[in-house]
Structures are given as structure tokens and as C-alpha cells.
Amino acid sequence: MAASPVYGEEKGGSSSLGEPEYGHDPASGGIFSSDYKRHDDLKEMLDSNKDSLKLEAMKRIVAMIARGKNASDLFPAVVKNVACKNIEDPNQLIRASALRVLSSIRVPIIVPIMMLAIKEAASDMSPYVRKTAAHAIPKLYSLDSDQKDQLIEVIEKLLADKTTLVAGSVVMAFEEVCPERIDLIHKNYRKLCNLLIDVEEWGQVVIINMLTRYARTQFLSPNQNESLLEENTEKAFYGSEEEDTKDAKAEAASLAKRKPYVMDPDHRLLLRNTKPLLQSRNAAVVMAVAQLYFHLAPKAEVGVIAKALVRLLRSHSEVQYVVLQNVATMSIKRRGMFEPYLKSFYIRSTDPTQIKILKLEVLTNLANETNISTILREFQTYIRSMDKDFVAATIQAIGRCATNIGKVRDTCLNGLVQLLSNRDELVVAESVVVIKKLLQMQPAQHSEIIKHMAKLTDNIQVPMARASILWLIGEYCEHVPKIAPDVLRKMAKSFTNEEDIVKLQVINLAAKLYLTNSKQSKLLTQYVLNLAKYDQNYDIRDRARFIRQLIVPTEKSGALNKYAKKLFLAQKPAPILESSFKDRDHFQLGSLSHLLNAKAVGYQELPDWPDEAPDPSVRNVEVPEWTKCTSHEKRKEKVEKPFYSDSEEESGPTESADSEPESISEESSSSSSSGSSSSGSEEEEEEEEEEGSGDLKEEEEEEGMKKAKKKAPQGRNGHAETSSEEASASESSSSGSDSGSEAEAKWKKVPHSSKAGPKEVSLLDLDDFTLPPPQPVPSSSIVSTSLVTDLEGLTLTDTSLAPALLSPALGTVRTYELLHRMAGEGLAVEYWFSRRPFPGDPHMVAVQIQISNNTDTEVKNLRVSEPKPLSGMRIQEFPEIECLAPGDTASVVMGIDFCDSTQVANFQLCTHTRHFYVSIQPPVGELMAPVFMSENEFKKEQGKLMGMSEITEKLMLPEKCWSDHTIVQQVTSAANVGRVPCGADNEYRFAAKTVTSRSLVLITLERQEGTMAQLTVNSEKMVIGTMLVKDIIQALSQ
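FYI, in my numbering the residues of the sequence shown are 309 to 1346.
Be a bit skeptical, because a hint or two may be false.
As the list claims (entries may be wrong) - Calculated cross-link-like contacts (lysine to any residue; reagent style SDA-like; alpha-carbon spacing at most 20 angstroms):
id, residue 1, residue 2
1, LYS495, GLU509
2, LYS830, ARG797
3, LYS1268, GLU1328
To be verified - Label pairs and their computed distance ranges (CB to CB):
id, residue 1, residue 2, range
4, PRO487, THR678, 40 to 46 angstroms
5, LEU900, THR682, 30 to 36 angstroms
6, ASN378, TYR1124, 17 to 23 angstroms
7, LYS715, LEU650, 40 to 46 angstroms
8, LYS841, ARG797, 16 to 22 angstroms
9, ASN590, LYS763, 54 to 60 angstroms
10, ALA1292, ASP491, 29 to 35 angstroms
11, SER729, LYS1252, 24 to 30 angstroms
12, LEU621, GLU756, 41 to 47 angstroms
13, LEU621, TYR871, 54 to 60 angstroms
14, LYS890, ILE402, 34 to 40 angstroms
Hints were generated in silico from the structure; no laboratory data involved. All values derive from a computational prediction rather than experimental measurement. No residue lacks a Cβ here, since even glycine has one placed at the ideal position from N, Cα and C.
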């Protein structure tokens, strides 16, 4: 290399022209000397074509960083030199790794470099590199969402890729960046369906989930006629005869108008190609296919997924949990498909509690009149379990079975009554709660059970069970007139010791007995209401005050007193015991949102079926002119076609069938002639079709390639040496063309065109003056050097960007003195709060420290030693400064966790000879970071921080603080806050979060009449709020 002679010369000797001079001691001169030019010449050296200059620039940059100098504006140029060389490496693994590293650098300033690298990699000949490009797209989108339009172009190009390695990754990128752009999927739908079986497992999951949502927007519901019939039967059951006669004609007309359902061939293609994946070894793939069939398949075909899901129940408990969640949802609407596998849901003693409860849910959903006796025998065994949560869930399941199946209601009720004598209090309590719900259906027939439960009030201590018994006695007190007053007497004695839920039911019981049996219960009721009047819980006090006015007639009591009996003793509907999974199917099965029963971040809603089918022709792919078969090739295809005859007959217009009309007519005739003689099962035919269509496509591509070699020079006018961007634009514009073979044909012409043109200079040309001997072009030379050319011409170091990136927004930076130059013996240290996140820890405040050497000698080994923070505080020292030359200044950053307090952080600042004790005390406004929120979010959060969390002060604004700009500037100079948009002209809002605890701080400044204003601070940290009010008032009064 050109720089190597420098090291070969004697130390202290002079070097050749243009090379720097190195002294004996690296710290005394050479690269540490301050006489060198600054960043401008470094940028020129990094952009030059000479490696010697680049190497010299790199050395100087490393030296600057070692001295603590800020070299961030050189970052893009360094990345360009380090990464770009590897991005065009002959080895595909190195190219992919370079792109992976480049896309993992989370610095916005290199976004243009990253975008160019992704575009270049998307056209790479290696599918592994193209896959890596697809992985890099979501990373770039999360870093800069403004690049969405350009990224969509890359996604569109990669979606046309025919390689299975790329398919899953690009669909994942599509889901992250532009899931609403369904139009990008149309042309690639059939290809994705056909490639699905060969894609890697996680790619299959992503593609299947995406195609599920796609199919819901493009095809008609296969169960639409059945749903119409179900609606008609429900109307006939609930409606009157008059309504039926009126609507009969309208319904007949609607049925006549509705066309018989015919499944779209593309819909059938998706169902047929996903069905084999039910045998996948990956549980996620099986679950994805199961949800696809549940959401898209006709009811008669959904049953095929049951066996595959039951197979997954033999897997790990985590997989069982997810599968059972989905089976529980499916079994509500598709009960029949899981009934043959009832025994697979029996509970084992080794199952975890959550699995047991989910299996109970499924068993309860599957219960009907034929299998209820078997299920109840299972439940009897489960009640003896030592797992109390599981026993409680079993008792609830018995109650649901009794509610849903009328003929076993009495049997279940008797069994639950027997459980009331169980030794375990939790079992008795749960039984009481379930019996209460069952008794509401037929209370008159079960007065003996109510009496039996009244006796349990002495023993049961579980609050919910006691409350349920009291509610039953109060609701049906007419059936137990002698027992109810005595229960009230006992509860009045222990009223003050009861739980709140029990107290509320005691008050209700007293009110109902006062209305039905006032002679025996009048004094008791007054006593209970007086106790409740002074209870600690305000709900109980309010209930007592309300009931006293309602049931006890006085002069002040209103008209409601007349209706007290109707209010308290009204007929109440029996509770409906439903499954907690009933309405969960509106989430896409297998998704995190379905598992949590709440919409998760990034969840895509499952679209409703369209009323009318969209145009199916959007999925037709036009075959390019040069790929069409010749007459000889057609004859050859005719001979081979009968072997794959059933494919066109079943699947309709697939991707390989969309050729010119002549070939279609010939294919259809050959398929019809051979279709009658074909035999075997439907699955065998489908498998043959998949293999056959794949082979046929490969033959067509090979023949198209041969033809492309002849036709390409004429069609392209010989201009094959255009840049990669132009090539990608032409490929994306012709959406129907075969991108794979077209690109291959194009690259085969590159060696011929490169002979005619001059040699192109790039970063890879390390030997500037020697030409390599002529040799065959390797596969790596396919990569265009346009990326390097584009990067060399790219300027990212605009001087206008630097101040905005390095200074806080609004307000001047206030500087504090850490060490005076007199006390520091010529060493002066200042600091300020940069208001930027500390890179090492987001819970630390970043403190910028500037150290100046005003002495005549070097200061060495500048560092922080023995930090002694108060309890809870943390200090992250800055890197040691090895040498600070006379007159030089170094700027470093250290992080301090002040624990949301203005306490002093003490530490020692040390050199190689002296130790200085210094301390930093932050203003309260520097302990927070700005938060950006909408006006509605601000009001919502402010509503939560009222009362003691709100501090309000009046102030008088001086004349210079009347303008909006001045007010905002003064407030933001006093505190590191972000402005919140506000609809009112006379109001200013700001928001921030404390750095350590992330507690919200909300500031509102409202201008009033004249020069008066009102300042309000809302924060959980009352001390911070009080200090912040003083600082802001002081800033506004200056």
C-alpha cells in the first residue's frame, strides 16, 4: 500500500511529499498535533480514489475520537468507505452481512446510503442477498417512515421474485410497511399459492396470514347461502305469524335474486395448496392453515383441520395452550368437527392448571344431550382434584352444562347441593355462586335448597359466597318468610366485620324485608342503615342514604317512594352462562390479539366478506412476447399434457395457464380429452397437478431463455449497460414480465457491452495504474458499480443540519462552572445539560463537560475518580482523556441518574498529578425529557393528575413576555419540555416525563385579562411540580 513506506522509515525522519511527519512520541506531535487541517480536508481525503489518503484520514479520525473530539459529521463518509466495499464483495455471504450490518446502524443521517444499498441488493443475482434486502426494508422504515414510497417500489420488485427463499421475507416486509396495498398482491397471488409448499416454515406462516386477509377482500363468502337460511329460521322462530306473511314475498324474491354460489378458482387454489401443510412439523404452520380454513373454507370442508389440531395437543404445554385457546373459539361455532375427538380433551393429572381450564372450556362447548352423561362423569372425578382453581372452574362448567341442557338441570343442581357439605370452603363457595344462578331459573321449585343455603351463613367465610346467599334470601324472601328475618338478625351482629360486597347485600336484604315484612324487620333495618351511615366505604354510605330515602316514607321523600316495591322486587331475568370465548372470533385466530382478547399493537383487522366479488382478472398475469412457445414446442407440450390434465380442469386460470389464446384452447382440448380417462383419488390428482405445473413452468422458462438470447439485442437496442436504477425502473414498470428470466438474459449480455466501453473506476479498484489481465467474468462481476458511483456523489454533511442536531430546541444553553481555572491551577471545566438522551442509559441525564487547558504544559490522564453519589444515584464516567495539549479544549459527555431529585452529584476530577473535588446540581427543569402528545391525550392525562398532584399559581407577565414566541422560549429555557397543540389562543401547554421514573409533568399557562396569567403544573412528583412552578415564574418574570 502507498502508506506503508511511512512506517519503514526511521522514527523522526522526513517522509515523502504529501505524507505527514511523525515524531518519536505519538502524543507530542504527528497525528495528535493540533496543526492539522480540520474536517473539510478529511472529507476530501475519504472521498478520494487513493487508498493512501483514505488510510491517512481514517488514522486521523481515530486520533480525534481518542482525544474526545466530535467526529459525528464524518460518520457517513466512514460508513461509505467501510460498508460499500463489502456490499460489492464477490462472496454473497459477505454482501448480505454488509447489508445486514448497515441496516442495523440506527443513525438517521445514513438513511440515503441504506436506501441505495437496499435497492442495489434487491437486484442482486444471489437470492440470499435479495432475502437480506427484504429483511432490511422494515428496519429502514422504522428508522425513517418518509422513505415509504421508495420502499414500496423495492417491495413490488421483490414480490415478483420467483425464488422461495425471498417470498416469505418480502411478504413480511409488505406486512410491516404497506399492508393496505393489496393491489401489489394481485399479480403475485397465484405464484405465492404455488410456491407456498416450498417456502421455509416461518415464511409460510407470514404468507398464509396475509393471504387470509387478502382472500377476505377478494372472494365471496362460501357460507353466504347457509347464513341466509339461518337468518330466515331465526326470524320464523321469534317473529309473529303476521310478520311472516308480510315478509314471505320479500324473502322469496331475495332468494330468487341471489345467484347460486360458485367458488372462485383462485379461492379453491388457496385452499388446495395450503391443505398439505396441515401435516407440517411446525405447530405455527399448522395453526396458520387451521385459521385460514376456519375463516375461508366452506363449513363442509373445515372439519379437515380438527385432526391436525388434536395432534398438536401432544406437544409442549405452551403449544397446547395456544391451540386450546383457538379450539375453544372454534368449538362454539363448529362444534361438530371436534366431537369425534372428545376423549382427546379429557384432563390428565399432569396438565398445568391453565391447560386444564381450557380443556374444561372445550368439553363444556362440546356437551350435548348425547354425550352429557359421559362429560358429567368426568366432571365428578375432576371435583376431587387437589387443584382448587381447577375445581372451581369445574363447578362453573357444571353450571353451564345445566343451563344449556335442560334435561340434566335437576341432576346438576342436586350434585351441586351435595357439594355444599364438602370440607373445602372454596368448593362450597363456588357451588353457592353457581347454585344461585341456577335457582334464578326455577326459584319456586327449590325453596328447600334456599333454606339449606341460609344455614350455611354461619360457616362460609368467602365474601362472594356469603353475598350470593344473602342475595338469594332477599330476592326470594317470600318463599322463606321465617328464615329471612333471622338471617338479617345474624348479619346485623357481624355487619361491621363483613367485607364490602357482603355489607351491600345485607343492606339490600334489609330493604327487601322492610318492604315485605316490616313488622319483624323494621327495627333491624333501621339499625343496619344506621351502621352503614357511618361506614368507611363511601359506596356503602351512599347506598344506605339512597335506600333510607326510598323505603322509609317521610315528608321530604319524593314520588319514588310509591314505587319502592316495584324497584326492589321486580322480576329479574335469569343470568345466561356463556363461554368467555363466544365473541373472540372477530380476532384472526392464531394471532396475539386473539390470545389476549385485546387488540395488540400492529394487529391487522380481519376484513368482512364483500357483498359482490371484485374483478378476478386483476390476478391474471400477461406472459411476455418472447416467452411464448413456438409451434414445435406446442406439439411437444401436447404430448406431455395428458399427464397433467386435471390441473387446468380443477384450478381454473392458474399462473401457468395465462398465455396466449391459442395455447389456452389447445390445452383445454387436451385436458378435456384426457380428463375422462383419468382415475385415482382427488388428493393424488392435486399432487400430480402441483408437480406437473412446476415442471411445465421450468420448461417454459428454459425455452423463453433460449429465445431471449436471440431477441434481446433487438428489443433493447443494445443498451444493456445502463445503471441499476434504470434497470430496476424498467423492470417495475413492466409488471407482467417475467423478472427472473429477464434479469438473467440481461446479465448474460454484460460482458459483451463492457468490452466496448471504457473501464469504470470504483472503490474496489485498489490498483489504480495497472489493468488486470483479460479473463472470464466471474459471477460476482454481475454486481453493478453504480452504487459506489452514487455514494461517491452523495453529500450528507450539510452544515445546516449540524446545529439543529447538536443544540437543544428553543432557548439558549446555560453554562455552569464546574472548576474555575484558578482553583484548577490552569484547568478550567464548564458543563451544561445537552437535553439529549444519554446513549448508555435512557434513565440518565446527559451532561456535556468542556475541559480547557490554560497551562503551558500537557495535562494527561483526565478522568473521573471515586464518584460518591447519594443513595440511588448513579454516575457514568466519561472515557479517560489521555492527553490535552496546552491551549486545547476537550468536550466529553457523562451520564448521571439524579433519581428525579435536585440533589448534588459529587465526584473527583483527576489528572496525572492532581485531584479536584467537584459537584453537579441540576435545575429541576433538566430532570425531564419532552413528550409529544395530542390535545385530547393531554386533557385525558391531566384529568388523572388532579387534587394533590396539581399546583396552580397566579403571575403577572411583563410587557416583553406578551408574544407567543417569547412565552414558549422562556418556558422551554426553564424546563426541557415539549409543546402540546392547543385550540385556545390564550393558552399554552407543555408536556414532559421525568428521566428516571418516566412520570408525566404537564404544564398549562393561561393568559387572563390584562397582564395576569395562571400557571398550572400537574405531576405525581409534587416536589418537582412545586420547584418547577417557581423556576417557570422566575423565567417569565425576567
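Which of the listed hints are not met by the structure? 1, 3, 7, 10, 11 and 14
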